[in-house]
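My numbering puts the first residue of the sequence shown at 26, with every later residue one more than the last.
Hints may contain errors.
[Said to hold, decoys possible] Straight-line alpha carbon distances no greater than 20 angstroms define the calculated PhoX-like cross-link-like pairs of lysine-lysine that follow:
#1 Lys-52 <-> Lys-72
#2 Lys-52 <-> Lys-65
#3 Lys-52 <-> Lys-42
#4 Lys-42 <-> Lys-65
#5 Lys-77 <-> Lys-52
#6 Lys-52 <-> Lys-75
No wet-lab data here; the hints were simulated from the structure. The structure presented is a predicted model; accordingly, all values stated were derived computationally and were not measured.
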Amino acid sequence: MKGGRILYEKFAELLEKTNKTAYQVSKDTGIGENIFSYWKAGRSKPKVDKLKILADYFGVSIEYFLEEKAVDMKEEL
């Protein structure tokens with residue numbers, strides 16, 4: 026599940042930019058920390074409701090998480 030890993034990379038960028046940890050985000054948003062681990066490992070893809078929560082939390086749009094995926098798809102064509 027490449028998509029989950031790509032989205033996790035965007036999440037990791039936001040963690041770094043905001044000096045937050047996955048634990049802090051989990052505690053603040055109610056999204057289980059294990060969910061982030063699943064994304065990182067590529068075991069699952071984020072659901073839209075989780076992306077919305079994270080987008081609101083970090084002050085970005087949902088599209089922020091999807092932009093790189095669109096770029097990757099263009100490169101494959």
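I'd like to know which numbered hints this structure contradicts. Please list them from smallest to largest. none
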